[in-house]
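Novice: Hey, can you work out the whole structure from these sequences and the hints?
Under our numbering, the residue at position 163 of the sequence shown is numbered 164, and the numbers go up by one with no gaps.
Hints are computed from structural coordinates only; laboratory data are not their basis. Predicted model, so just to flag it, every value in this text is computed and none were measured. Possibly wrong hints are sitting among the right ones.
[Stated by the list, open to error] As a list, the in silico SDA-like pairs of lysine to any residue whose alpha-carbon atoms are at most 25 Å apart:
#1 Lys-123 with Tyr-228
#2 Lys-226 with Asp-125
#3 Lys-117 with Thr-81
#4 Lys-26 with Ser-89
#5 Lys-171 with Ile-116
#6 Lys-67 with Gln-85
#7 Lys-26 with Gln-85
#8 Lys-226 with Asp-41
#9 Lys-117 with Thr-96
#10 Lys-26 with Tyr-194
#11 Lys-207 with Val-183
#12 Lys-67 with Tyr-46
#13 Lys-26 with Gln-88
#14 Lys-26 with Tyr-46
#15 Lys-26 with Gln-52
#16 Lys-26 with Val-231
#17 Lys-117 with Asn-93
#18 Lys-98 with Glu-206
#19 Lys-226 with Tyr-194
#20 Lys-123 with Val-231
#21 Lys-26 with Thr-221
#22 Lys-26 with Glu-63
#23 Lys-171 with Glu-206
#24 Lys-98 with Asn-57
#25 Lys-117 with Tyr-168
#26 Lys-171 with Ser-122
#27 Lys-171 with Leu-118
#28 Lys-171 with Gly-77
#29 Lys-171 with Ala-208
#30 Lys-171 with Pro-82
#31 Lys-26 with Arg-61
#32 Lys-123 with Ser-89
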Amino acid sequence: MQRFQLFLIAICLFLISPLVSAVCKDSVVLVHGNTGNASDWQNTYDYFRSQGYSSNQLYRPEWGSKSCAACNNHSGSEETPVRQALQSALANSCTGKVDVIAHSMGVTLAAQQIIKLGAVSKVDAFVGVAGAYRGLWSCGTYPFNFATSTCGYWGLSVSSPFLDDLYGRKFASRVYSIKSYVDQVVCATGTCYVGGVHSSRIAGEKATYTYNYGHFGLQTYTYTKQYQLVQ
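Specialist: Quick look at the structure:
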């Protein structure tokens, strides 16, 4: 009788173990863009939940001013919520690694915080959605940039010291970009290119994907691709 019970326990463990391993996934950090909100990721959040992610595996930090787009940059109070979300996600990840999906200015902010934390080796996949990795022509070219925080030394003017320092630096094992040629922000001046390359493309990326959704539509409607890229 005892042997039979042990046999049943062994069978149960054998059947359950694949299910246990299936729910062990990288925590995911979703970083919104300039003056955005955590709720901007609702489609992504809901889809990940439908695919087996629990709420405590998904992190959506709120950062920056919500009313002054020109006030936000990559230095100071904007950094703290993103850094803390990455730290929490890493601390609670059952795999010991995280995936990061970021939109617009959140792309460069998230990349910066990964590097500052020394967490590059712990980020498996990074997906940049409608980012301005190579800068915004609407901000001008540093140092002949518009005199706002968003376009300044720590901002998104083309060749700003911040962007020049970030360029080419590794911040994940796998990097992808999602872009649009009808992006109302990245392509606001009539061109999406900086140095002959779409500004949303990230140096060293594994692949890039193009949609006609526009700047905000890319975040809202590419949730299935976002999911696929972090698997």
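Novice: Now, for every hint given, state plainly whether the structure supports it.
Specialist: Here is what the structure says about each hint:
no.	hint	result
1	Lys-123 with Tyr-228	18 Å, holds
2	Lys-226 with Asp-125	16 Å, holds
3	Lys-117 with Thr-81	11 Å, holds
4	Lys-26 with Ser-89	15 Å, holds
5	Lys-171 with Ile-116	8 Å, holds
6	Lys-67 with Gln-85	19 Å, holds
7	Lys-26 with Gln-85	20 Å, holds
8	Lys-226 with Asp-41	16 Å, holds
9	Lys-117 with Thr-96	21 Å, holds
10	Lys-26 with Tyr-194	36 Å, violated
11	Lys-207 with Val-183	23 Å, holds
12	Lys-67 with Tyr-46	21 Å, holds
13	Lys-26 with Gln-88	16 Å, holds
14	Lys-26 with Tyr-46	15 Å, holds
15	Lys-26 with Gln-52	11 Å, holds
16	Lys-26 with Val-231	10 Å, holds
17	Lys-117 with Asn-93	19 Å, holds
18	Lys-98 with Glu-206	19 Å, holds
19	Lys-226 with Tyr-194	23 Å, holds
20	Lys-123 with Val-231	13 Å, holds
21	Lys-26 with Thr-221	23 Å, holds
22	Lys-26 with Glu-63	23 Å, holds
23	Lys-171 with Glu-206	10 Å, holds
24	Lys-98 with Asn-57	14 Å, holds
25	Lys-117 with Tyr-168	14 Å, holds
26	Lys-171 with Ser-122	9 Å, holds
27	Lys-171 with Leu-118	13 Å, holds
28	Lys-171 with Gly-77	22 Å, holds
29	Lys-171 with Ala-208	15 Å, holds
30	Lys-171 with Pro-82	22 Å, holds
31	Lys-26 with Arg-61	17 Å, holds
32	Lys-123 with Ser-89	13 Å, holds
Of the numbered hints given earlier, the model fails hint 10 alone.
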